[in-house]
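First to last, the sequence lines map onto chains A and B.
Per the numbering used here: the first sequence = residues 1 to 223.
Per the numbering used here: the second sequence = residues 1001 to 1286.
One thing to keep in mind: the hints can contain errors.
Said to hold, decoys possible - Residues on chain B that point at chain A, a partial pick, calculated with CB under 7 Å: (1) Cys-1010; (2) Ile-1037; (3) Arg-1039; (4) Gly-1059; (5) Lys-1139.
What the hints assert, rightly or not - In silico DSS-like cross-links for lysine-lysine, where the CA-CA straight-line distance does not exceed 27 Å: (6) B:Lys-1013 - A:Lys-122; (7) A:Lys-217 - A:Lys-196; (8) B:Lys-1002 - B:Lys-1139; (9) A:Lys-23 - A:Lys-93; (10) A:Lys-122 - A:Lys-53; (11) A:Lys-93 - B:Lys-1002; (12) A:Lys-93 - B:Lys-1139; (13) A:Lys-93 - A:Lys-53; (14) B:Lys-1202 - B:Lys-1002.
In case anyone wonders, no lab produced these hints; they're calculated from the structure.
Don't be surprised by glycine CBs; every beta carbon is placed ideally from N, CA and C.
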Amino acid sequence: MNEVTVFIMGKGYRVPAGLTIMKAMEYAGYRLTRGCGCRGGYCGACATVYRLKGDYRLYADLACQTPVQDGMYIAQLPFTPAERPPYVLDELKPEGATLLALFPELARCVACNTCTKACPQKLEVMDAVQASLRGDIRQVAELTFDCVSCGLCTMRCPAEISHHHVWQLARRLNGAYLTPRAEHVQARVAEIAAGKFNGELDRLVRMTRDELVAAYKARQIEA
Amino acid sequence: MKRLAYFPGCAMKDQARADEAGTLHALALLGYEIAEIPRWNCCGTVYSLAQDDLMRHVGPVRNLVRVQGMGERRVLTLCAMCYGTLARSARFVQDPERLQRINAFMDTEDDFRGGIEVVHLLTLLRDEVGYEKLAARVKRSLDGLRIATYYGCVLLRPREFAVDDPDRPEVMERVVEALGGTPVAFPERTECCGAYLTVGRKDIVEERVERILRSARGGGADVVVTTCPLCQFNLAERRLPQAPSVPVLYLGQVLGWALGAEEPAIADLLAGRPGASEPVCSGGAR
């Protein structure tokens, strides 16, 4: 079997090449109760940092998405402490002053770009901090759309910004105030409230099992 | 058209939008193709005086790297604060050892090679456009509007980065004259507005702002103009009830209006002057 040597929390293990960091840890005997969620790269729970032999860089990635390499030094960061002040979205305005009032540490950014280098989603994190500083909420929301809140940028930031909480607020402000209303959805909600579909629903409820199966099989399917 | 790299800075995209709009309108008429630098970040706002605090220079230098990446040798700023931090950091990293350390730190960017000149709008208007050409492009004169030109600190201090003689500056007055305005004698024009004390010691800023506005009003000013967003904020927002109610605008608003941009603030000022009965538009250069 093609194997590589990895060091998990400082202890060496021989593991099959081609495993992800997460599977390598389980292969080595770790039972993951934290730092492990969807296993699909969406939940952001398995934030991990590692170094490679002979390379000064500290890499950051998601354990479930990253294949092991020979000579990898691995540590997991299952949780990032980060302050999120309480707010009521309905009482906020979609402007830069809102972000700065709740997260004044944004103004401590020195544009070192360490956050960007730490992002497993390859987001332009520093650009989003800068867009926050100039009050461009829409730009923040767009730049951070794929943020999985893993917390790696927050852990690395010398200005101690709680990025993912800022991004979440920016996306909420963008959705609530800056994005055009979906009028067709509101129209449909009104139709439902007015009982337009009640008859159809009642008919389904009254069907026998055989009638339901037949109706299901005869349903319209999009090509 | 002459291409010119442009660093807006955060304020130009937020509270100083009117400054940017007026200035960019004017610069286009003056023959400049303004190229906003890509992915710029905050200038750093406050220039770090610590000799060993290299981290504080990463922000401004990263912007200069972006200018270099555009193939440009100089960059324009409108904001007095941005001018100060960018120009001073550009000088700071002329030291090879500092430059080498900053380049080593910014290992995902192209190495900064230095040699980028940071230009403020006022020096551009004086040294490259020239007052005469500026006057020739005026579409509607400021019609003698009495303007107090407020420099504040960072345009003139420290001396080696001053856009003009730090003790007797005249560039802003000359620009105002070229636009058809009347600069007023204004002893407090180079005094500090109190700057960041506006956060923790409003009382000091309020006292200074009152003194500055009294000085401007004493000279007969209809309006105060500045190129600094922090000065503009302090002069406009940190007023005690007894302070004179003279309006405070950005130079770009005055400049843009004179060169034909829409700027309701100036139109209102000209219309609202005591004894103003003549049409606001004087129909061309003086």
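Results for each hint:
no.: 1; hint: Cys-1010; verdict: 4 Å, holds
no.: 2; hint: Ile-1037; verdict: 12 Å, violated
no.: 3; hint: Arg-1039; verdict: 6 Å, holds
no.: 4; hint: Gly-1059; verdict: 4 Å, holds
no.: 5; hint: Lys-1139; verdict: 31 Å, violated
no.: 6; hint: B:Lys-1013 - A:Lys-122; verdict: 26 Å, holds
no.: 7; hint: A:Lys-217 - A:Lys-196; verdict: 24 Å, holds
no.: 8; hint: B:Lys-1002 - B:Lys-1139; verdict: 21 Å, holds
no.: 9; hint: A:Lys-23 - A:Lys-93; verdict: 45 Å, violated
no.: 10; hint: A:Lys-122 - A:Lys-53; verdict: 23 Å, holds
no.: 11; hint: A:Lys-93 - B:Lys-1002; verdict: 40 Å, violated
no.: 12; hint: A:Lys-93 - B:Lys-1139; verdict: 38 Å, violated
no.: 13; hint: A:Lys-93 - A:Lys-53; verdict: 49 Å, violated
no.: 14; hint: B:Lys-1202 - B:Lys-1002; verdict: 43 Å, violated
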